[in-house]
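S.K.: If you want the building blocks of each chain, they are given just below.
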Amino acid sequence: MRILAGGTDLVPWLRDDLITPDLVVDIKRLPGLGDLDVVDGALRIGALVTFADLVASPLIAKFLPMLGEAAGTVGSVGIRHRATLVGNICSAVPSCDSGPPLLVHEAMVHVIGSEGGRVVPIREWFLGPKQTVLDRGELVAHVTVPIPPVPRGAAFVRLSRYAGEDLAQASVAVLSLPEGEWRVAFGALAPTPVRAPAVEAALSGRQANDGAIADALRLVPDAIAPITDMRASKEYRMAMAGVMLRRALHLAETRRAGAGPAYGTAVM
Amino acid sequence: MTFTTQRREVRSGVGTSADRPDGIPKVKGNFAYSSDLSAHGALWGATLRSPHAHARITRLDIGPALRVPGVSAILTYDDVPGRKVFGLEEADQPVLADGEVRYWGEPIAVVAADDAEDARRALEAIVVEYDVLEPLVDPEEAARRDETFRTMTVRRGDPEARGEVVVEGYYDTGMQDQAPLGPEAGLAIPDGEGGVDLYVATQWSHVDHEQIVAALGVPPDRVRVHLSGIGGAFGAREDVSLQIHLCMLAMHTGRPVRMVYNRAESFVGHVHRHPSRMWYRHEATRDGTLVRVTARLLLDGGAYMSSSRAVMANAAYFAVGPYRCDSVEVHGVMTRTNNPPCGAMRGFGAVQSCFGYESQMDRLADALGMDPVELRLRNALAPGDHMPTTGQLIEGSLPTAEVIERLRAIPLPSGLDATHPLHLPGGTGLTTSPGDVVRGVGYAVGMKNLMFSEAFDDFTEVRIVLTPVGVEIHTAAAEVGQGLITVCQQIARSVLDMEHVAVIFDDTSQIGSAGSTSASRQTQMTGGAVLAATTELRDRILAEYGADRLDAQGVWREGELTVSVDELCQRGPAEHHVRFRHPPTARPDDNGQGDVHVDFAVAAHRAVVDVDPELGLVRVVRVDTVQDVGKVLNPRALVGQIEGGIMQGVGLAVMEELVLDGGRIRNANFTDYLLPTFADAPDVVAEFVEEPSHFGPFGAKGAGEPPTISSTPAVAAAIRAATGRPITRVPVHPDDIIGL
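Order-wise, the sequence lines are chains A and B.
Sequential numbering of the first sequence, starting at 1, is according to my numbering.
Sequential numbering of the second sequence, starting at 269, is according to my numbering.
Bear in mind the hints are in silico, worked out from the structure with no lab data behind them.
Reference excerpt, derived from the structure (chain B facing chain A, CB under 8 Å, subset only):
1) Leu883
2) Met923
3) Asp948
Rough simulated footprint, nothing fancy, chain B against chain A, three-plus residues with beta-carbon under 8 Å:
4) 156-163
5) 228-237
Label pairs and their calculated CB-CB ranges:
6) A/His81 with B/Gly291: 28 to 36 Å
7) B/Lys296 with A/Val150: 45 to 53 Å
8) A/Ala56 with B/Gly331: 55 to 63 Å
9) A/Pro21 with B/Thr687: 42 to 50 Å
10) A/Met230 with B/Gly652: 48 to 56 Å
11) A/Met230 with B/Pro293: 31 to 39 Å
12) A/Glu115 with B/Lys296: 48 to 56 Å
Just so it is clear, CB atoms sit at the ideal spot from N, CA and C, and this is done for glycine as well.
In isolation and in its complexed conformation, chain A is listed as follows (with noise of 0.2 Å):
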C-alpha cells in the first residue's frame, strides 16, 4: 500500500516499475490535511502541504525562513505546485530537499494509523534511501516545527548540475541560534540526510571566522559518507561538502546580523 498526495515521486516510480502497491491510497480529498499554521510555538505543516505553500506562506516566511528557501530550490514551479514536504520525507531519497532544514529545526513527524498516533522525532525518521520508520497502515498527518528563538540566522545552500529542474547534488543547511548555538545537517551526502553534531561541536559558542570555519571543515568528512553516482563523483560531493558548509556558515552568520542577501531569493 502507498499513500498518493502529490505523486510527484510516487507516480513516476510506479511508472518505471520501481515499486508495484496493490493499492495506491489518495488522501488529497481528506479533510484536516492541508493546515499550515501555527501551534503551541511549532508550525504545523499538514500533509498536502505543497513547496509552492511553503513558499508563499507568511508564517513561513516569518519564522521559517531558511524552510521556505529549500522549498523554492524543489523541482520547478510545476513539481512544487504538486509536491508536498511530508511526502518529501516519506519517498526519504538521499537528496530531498526538506531533509536537513527539517534536521536543524528539530521538527516532529506525527504519524496516525491504525494502532494509534506517534509522534518521532525527524532525526529517527529516516533509515536508509527510500526508507523510513513508518509502518505499513500507518500516514503522517503533519509535522511540527519549533519556532527558533531570536536572534537566528540560517543558510539553505544546495548544488546542482545546471539551472535547469535537478536533483540536488549535495545541500547543506545551517542555523545558528542565540548563545553561539550551531546546527548544521547535510543532504545528498549520506544514505540519509544527517545531522552533523561534531561539526557542530567545533562551531559552537563561535562566530565564524576562519578558525572556526577551519576547525568545523576538518570534521566534515567524518560526518558524511558521499557515493559516486552517474551524477557526481564521491571527491567531488566531498569537497563540495566542505564548499558549501563554509558559504552556508557564512550566510547564515550575516543574515543573523540582519544583513545578507534575503532569504528565498534562489526561487526561481
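Using the hints provided, position chain B relative to the given structure of chain A.
M.R.: Below, chain B without anything else, positioned relative to chain A:
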C-alpha cells in the same frame, strides 16, 4: 470583362521574416506530430530489446507471449520476409536480432496488441535466454584488433616540413544525443492489396522506403512512405528505427499498427554523435604561420555502420579547420564495438575535430605568445587557397577572415550580472555569490561542407503547380523544424509574384526523392529546385503568352492584364517538375585528395562564461557569432537556427553526454541526460556575412550546422581563460575545473 490593373506586391518574399505556417500550431499545441497519429482499430506496437551489450541468444520462445490476451502478432528474425538487414550506407544491421545481440537495446522481437498494456505484458512473456559475451567497448582496443568501419589517411604536401614551434595534445569529446523532443513514432496502415502506407517522422522518406521494401521483399510500389509531423531530428531520424517493424506488423496482422517509443526507448532507438579521441600536433613558424598539422582521429561507430564512414571522412577532411597549411597528415579510424551505434548528428564529424584543432590553435597561440585571434587571422583560409586536407581549390565564397574580424568587433557584455541567482553559475541553489565568480572569454572558428560529398549522386525533386488560388510546391523534403517550408514559400513568392504558396509533402509514390534533410543541404537543394522550377515555369508561361509579367492575377503585357490566372489554369496544367542536382563531386584518391565537396561555410563564435572555480560550475553568459550564410533568406528563421545550434554546441561543451557502462546507457532519461534549458540559454548576438555562394538560391548557403561546430570549442576556450585549466575534454565536468 475588365480587369483591374492595380498590381499587388508580394509581402513575404525572399529576405523577409515571413511567418512559418507551422509556427502558431506548434506553439499552441495544435500541430500533429507523428506521436499523435491514430487510426480506427489500430493495434499498438512494442519492441523487445536486449538487456546485454553482447550476447548469443540461446533460446527465444514466443509461445507464452502469444497466449497473452489481446496479442495479435509477435515477430522475430525468422519473420522478416525479405532482406534481413538494413542500413544507411551498407545493410549490416539485422531488422531483428539474428541470434546474436551486439548492443544494449538491440531489437529482438516486435509485438502488436490491442493496447499498450497488452503489448507490454506480451513483451514480458517472451522467453529469451542468453549466453552473455564480453562486450568490446574500448575503441582503442577495437582499433588494435582492426575492428573498424573505415580507416583513412589524408596526406598532402611535404611530409618533412617542420615548424620551429610545436604543440601537441590529446582531446576527447563525449557521446552526444540529438535528444529530439518528439520520440520515434509512426503508423502503418495496410492497403488491403498486399501493400502498406507508413506515416512516420523521418528525415528522408525515400531512403526509408528503399530499406522497407527490401526487408519486406515486395515491389517498390507496394509501400508508400508519408511524412508526418516531425518533432526535431538533428540527424537522429536519418536511420531506420521503427519503420520496418511497423510495416511488418501491419502486413502480418492486416490491421493498422502504431508505435511510439517512450523517452528511454528513444535514447536507445536512434544513433548518437560519435565519441572521439584525437591526437594533434601543430607546427608553426615563429611568426605563427602553420607549417604542418598531424592528427590521429579515433571515432567509435558502435555496433553497426549507419553513416559512420561518411562521418569519418568529414572529421578527417575538416581536421585542420579553415586554415591554410601545406603539409598535412590525418589518420582516421572509425571503430566497430558493442557500444550503441553512432551516426548522423548536426555537424557530422566536423564537430569533433573542431574541438581538437581549435584547442590546438589556442595552445599554439600560447606557445607563440600571440593573440589567439591574430593567429587565426594569419592563417585564415580564403577563396583561391587550397583545402589544407583534400587540396581542393576553394572557389566561390569563404570569408574566414571577415567572420573573425567582425566577431572581434562586437562589443563584449559588461561585467557580472548578479541581479538574479539564475545569472550566476550556482543557479537555483543559491550556492554562488558574486564574489565567487571569475569570467573568461574564448574564440573559435569552424568550417563545414554543405550538401553531400565524395561523388554522391545528390538530387532533389520538386513539382510546382499553378492553381487559381495559388501555387503548390510538391516535395518529399522533410521539414524537421528548421523552416524549409517557409524558405520554399518565400522563393516561390518572389519568382512568381504570388503571395499564396502551399508546400505539399508528397509520399514516396507521388514524387522522387528530395534527399535527406541533413548536411545543411535543403535550402540549397530543395530551395534551389524551387527557384529553378518556378523560374522555368514562369518563363515558359511568359513565352507561351508573349507576356512580360506573371503574378497572382495572371499574365501581363505592357501593363495590361491579358490572361487571368483562372483562364491560364483552365487552358491546361500549368505545372513544372524538376530533378535538381548540384555540381558533381569527386571521389578522393588513396591520399584523400580531390574535389570532394560542393560548397563550404565558415562561422566564428565567441563565448563569455562566468565560472565558480570552487564549485566547478559554469554559466555561459553570452555566445556571439558571425556566420557565412551567402544570403539571408529569412532573418528570423536564420537567427532561430543559429540560436538553436548554439544551444546544442553549449550542451556538448558543458553538459550533454550519454554515459556508458559496459555498453549500457546509464542516463537514457532527461533527469540525467542534461539539456540546456531556457534558464541555461546564453544570450546570442548573431551577425551574418553575405558573400553569395556559387551554388544556392539567391546566393544562399545552408546554415543549420555551423552554429553547432565552433560554439563548443569557444565555450571550452572561455573556461580555460577563466580557470587556467587545460580543458581537453567536452563536456567539461566540474571535476575538470576544480582539478580533482
